[in-house]
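Protein chains in written order, with my numbering: chain V, 2 to 291; chain D, 1232 to 1570; chain Z, 8 to 437.
There is no bait here: all hints are sound.
A short, non-exhaustive set of chain Z residues, derived as facing chain D with CB atoms under 10 Å: (1) Ser86; (2) Leu92; (3) Asn117; (4) Asn408; (5) Met411.
Heads up, simulated SDA-like pairs for lysine to any residue below, C-alpha to C-alpha not over 25 Å straight-line: (6) Z:Lys289 with V:Thr52; (7) Z:Lys343 with Z:Trp137; (8) D:Lys1517 with Z:Thr144; (9) V:Lys155 with Z:Glu35; (10) Z:Lys414 with D:Glu1329; (11) D:Lys1410 with Z:Asn415; (12) D:Lys1517 with V:Tyr225; (13) Z:Lys51 with V:Gly74; (14) Z:Lys204 with V:Tyr59; (15) Z:Lys414 with D:Ser1318; (16) D:Lys1517 with Z:Asp107; (17) Z:Lys204 with Z:Gly272.
No wet-lab data here; the hints were simulated from the structure. All C-beta atoms, glycine included, are put in the ideal place defined by N, C-alpha and C.
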Amino acid sequence: MAVEQRPPGNAGLAIGSGSRLSRCCVRAVLLLGVLVSLFPFYWLVVLASGTTQDIYRYPPKLVPGPHLLDNMGRVLDTVDFFGSLFNTVVVAVLGTVLVLFFDSLAAFAFAKYEFPAKKFLFGMLLVTYMIPAQLSLVPQFVTMAAFGWAGSLKALIIPGAANAFGIFWMRQYAQNSLPDELLDAGRIDGAGFFRLYWTVALPLFRPALAFLGIFTFIGLWNDYIWPLVVMIDPDRVTLQVALANLNVLYNTDYALVMAGALMSVIPLIVVFLIGARHFLRDLAAGAMKM
Amino acid sequence: MATVLEPAGAPAANEKPPAGRTRPTTPGGRRRHLPPLLAISPFYVLFAVFGAFPILFSVYLSFQDWDGIGDMRYVGFQQYGWLLRDSVFWHSVLNTFEIWFLSTVPMLFLALVLAFLLHSQVRFAGAYRVAYFVPNVTSMVAMTVVFGSVFAQAGLANSVLRAVGLDGVGWLSSEWGIKSSVSIMIIWRWVGYNALIFLAGLQAIPTEHFEAARVDGANSRQTLFRVVLPQLRPVVLFAAVTSTINGLQIFTESQVLFQSTDVGTTGGPGQEGMTIVLYLWQKAFKEHQFGYGAAMGWVLFAIIAVFTVINWRLVAGSDDDRRPGIAGLLRRKGARNGR
Amino acid sequence: MSRRRFLGASLGGAGAGLLGLTGCGSAEGSASAGTDHLSLWYWKGSLSDKLLATARRGVPGVPVLKVRGSQIPDGDIDSKVRTSLAARAYVPDVTVVNNDNLATFFPDENEFLDLRELGAESVRDQYLEWKWKACFTPTGRMIGFPLDAGPTALYYRRDLFREAGLAHEPADVAGEMPTWEKFIAAGRTLRAKGPGKPYLVSNIGNVFQQVLLQSTRQFVDADNRFIGDQEHVRRAWDLSVDILRQGLSARITDGTPDFNAAMSGGRIATMTTAVWAINGLKDTAPKTAGSWRLTTMPDGPANYGGSYMTLTRYCRDPEAGFAFLKWLLSPANQLKSYQEMALFPTTPAAYADPAMHRPDPFFGGQQPIDVFGPAARKAPVVYFSPYEESANTPFFQELTNVEMLGKNPDRAWRDAVRTAETTLSRAGVS
Chain V
2 MAVEQRPPGN AGLAIGSGSR LSRCCVRAVL LLGVLVSLFP FYWLVVLASG
52 TTQDIYRYPP KLVPGPHLLD NMGRVLDTVD FFGSLFNTVV VAVLGTVLVL
102 FFDSLAAFAF AKYEFPAKKF LFGMLLVTYM IPAQLSLVPQ FVTMAAFGWA
152 GSLKALIIPG AANAFGIFWM RQYAQNSLPD ELLDAGRIDG AGFFRLYWTV
202 ALPLFRPALA FLGIFTFIGL WNDYIWPLVV MIDPDRVTLQ VALANLNVLY
252 NTDYALVMAG ALMSVIPLIV VFLIGARHFL RDLAAGAMKM
Chain D
1232 MATVLEPAGA PAANEKPPAG RTRPTTPGGR RRHLPPLLAI SPFYVLFAVF
1282 GAFPILFSVY LSFQDWDGIG DMRYVGFQQY GWLLRDSVFW HSVLNTFEIW
1332 FLSTVPMLFL ALVLAFLLHS QVRFAGAYRV AYFVPNVTSM VAMTVVFGSV
1382 FAQAGLANSV LRAVGLDGVG WLSSEWGIKS SVSIMIIWRW VGYNALIFLA
1432 GLQAIPTEHF EAARVDGANS RQTLFRVVLP QLRPVVLFAA VTSTINGLQI
1482 FTESQVLFQS TDVGTTGGPG QEGMTIVLYL WQKAFKEHQF GYGAAMGWVL
1532 FAIIAVFTVI NWRLVAGSDD DRRPGIAGLL RRKGARNGR
Chain Z
8 MSRRRFLGAS LGGAGAGLLG LTGCGSAEGS ASAGTDHLSL WYWKGSLSDK
58 LLATARRGVP GVPVLKVRGS QIPDGDIDSK VRTSLAARAY VPDVTVVNND
108 NLATFFPDEN EFLDLRELGA ESVRDQYLEW KWKACFTPTG RMIGFPLDAG
158 PTALYYRRDL FREAGLAHEP ADVAGEMPTW EKFIAAGRTL RAKGPGKPYL
208 VSNIGNVFQQ VLLQSTRQFV DADNRFIGDQ EHVRRAWDLS VDILRQGLSA
258 RITDGTPDFN AAMSGGRIAT MTTAVWAING LKDTAPKTAG SWRLTTMPDG
308 PANYGGSYMT LTRYCRDPEA GFAFLKWLLS PANQLKSYQE MALFPTTPAA
358 YADPAMHRPD PFFGGQQPID VFGPAARKAP VVYFSPYEES ANTPFFQELT
408 NVEMLGKNPD RAWRDAVRTA ETTLSRAGVS
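I would like the entire structure built from these sequences, with the hints used as guidance.
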């Protein structure tokens, strides 16, 4: 996290630190980058607020039209938007809570306790990283079918409820930010493992939990291939799958599809913007060192 | 590997040290280990059931011919034999690498440029970051739908080309058009992410390095090539590693882009957008060749493993003082795999 | 070795054991388990929305039977049904299966109920003979029930034909373009003299499809032999490539936004397709209403698509399921489906009904039945093998490669034949 605080007086790179002209250039390029980055969202709003005929007009219509609410209303009429939204929220929230709980618990144990086969178990944890999820797409589906979980939200929540990345990341954090003295003080008061975890460790983990939480939430929200495969009940799908279906079923009604796309991205962007500051700081820090 | 496997902090023996050496073997000692073992068990239980078992089962499955409905039929190595002779599979491998290359190289370059610029720009740093990162958090399905309309024959991309007097491009109907379209989506999504990672790397370079360079009379170009880039090398390599692992698993862009047409499941005209994972999904869940899908999963695994090893070699080669270590690599990889 | 075998055996055992957990009770796997209705999977346009709305409230004449439909994208429905069958969960009680795909379920015929056991024979005489016969598997089980037929026609833009100086009234067009060769010649005229130089077809895949369906033989014959490299396929291929070579194809994939734009914009002068495409055309290009006409397809009509309905073995209430089919697909309701959805009845009794003969303003007041009625009678009856789709997919793909990517047609043909043969040899077809 220290990396965030730029040492005062560090001009950093020579680039752009010179004349006013080159400063201007830097700003122009950065703004151009922002435009490119955000333009697809703007364009999505334009498409979602126009009519299907507008979409292929030449020259193209570059400003939003008046039909946004219409189109969104039609999305609600054609697909079970709120049902899919509800499923997605359930998966993302429950999945995130479970990940945060199990990962921080395991991280606490790995960081602050000794137990048999610890090194081996931790090594194994790391090895599981190396396995691409798609390797076992088929057998995972068969396993879910055998459990009778195919088509149920459990299939999206349970298998990923504790993950190696989170445990590893939280462990690093726990090692650096959880003073042994605090734990010792707790022990003197007679607290056992789980009490220490709950009353001492968890409150101190909060920044790390915030990052891991947003991260997991985004991942679960946007996951596509696994829900596509395992959610076999067409009346119970996630937002991503519902949108993909809408895209196929109503491909002649582009304004409708675009309105659906817009509605599917708004909730997550809001969540991200709320947590953006912490999240981005931790992301950068996590990438460098803990 | 040492960074990873080091014991969890030296003072971890902060449990009250046992009085006698024999203590841990007594029942009381074992019970003492129970809470932490219990605490880590969810991961291992879940992994055993939903990770290890399916993987072992997929070995078995890859020797069977099975549509998921009828009976399994043992076919030995036949699935692998067919796979090696399956021209569509090799086409999908080639496509995947082409798309990976077309997306990764410009993406890393642009990210590096943006990181440098962000580094020298002090005002509105937070706002820039958010703006650059937003593409990474939005659903690929929704944005692929948007890009699909942009790249249509009569879409925005060709309208712009027409406006400046150029001919339209068959973005979704020609070999390189398809690959470029998919690559552009990937670049758009990941440039900001990598720029922020690079920026963190830049900011971590100690000020003394710059001062030393200045004292030596280095100009800005020399500073860039002698100080900054060597220091950034490990971070850039990590970005390359993660891009490789992700690039080899491209699915959503190709699947959604062509799903609404007759050639939908096959990656567009000429199957130029067919990637390895898309093909796996098609064989397994459109055509229900579960054994073939399992075999393909293993070949994909082998390919990724080879590249991971190569990348590790590259990373290990850059063994200087600021090396973030394998730990950093793992963190990043996990970070981008999401689920 | 023995250890490996042990491992394999135990894994296989574990897998089989896991599957066994849910493999037994069949009604458990129904998508409607625990509800008061039967579940139905269909794709948009394959069934009457009005009749489905009625069935959702209660099927008339059948006490307390409700049926609830779920829309599945039409290209996905077969694989979704298979996936649910593999999972033995959320299997629909009733499902719609596309014409040429019913046969792909024959190898898994036991996953579907034999409708004769539910009394299908009692309504046999209401349905077209050939359609009824196609519902049977080679072992004699009836797993399908006739939904609609797909007689084809040449859809054309009368205004564009007229301005290009071509024959433009339906009877004249049929007279002037009795063969594909003449049709292509007309395409040249259109391209040269028509307003805005319209293309003859959106893509050549449609022509390839229709020429094929004019033949009784497809890619695999009844003896499970690959016949896709023979003259009847080659002719369809060569005609299609000829259209492309002469620059008469817009080279646009159907169903894409580009296709919609081209249809609305009058860039495409004809479509060769079935009756059920009417509603799609009306949705795609509402502004072109009145300028379209229908006439006999060059070289005569074919049957393209048209569907079946099935009951899966997971159906919670087979008697009720069959009662629903009998009601939905009765002559009276097929008539309603035709009026609403352009689903062509498979019950000949409906053909004479005045309701079938209403003029359609979209076709300038023409009565579509005047073209599709005779087409339904004359269309050849085609044999579809369970391996048809595996065999024809490479040909459609390679044709797309020729059209979109400029691949050499002869090389594409050789590649298609080779791919089809390889694929089929894996499935045990020679």
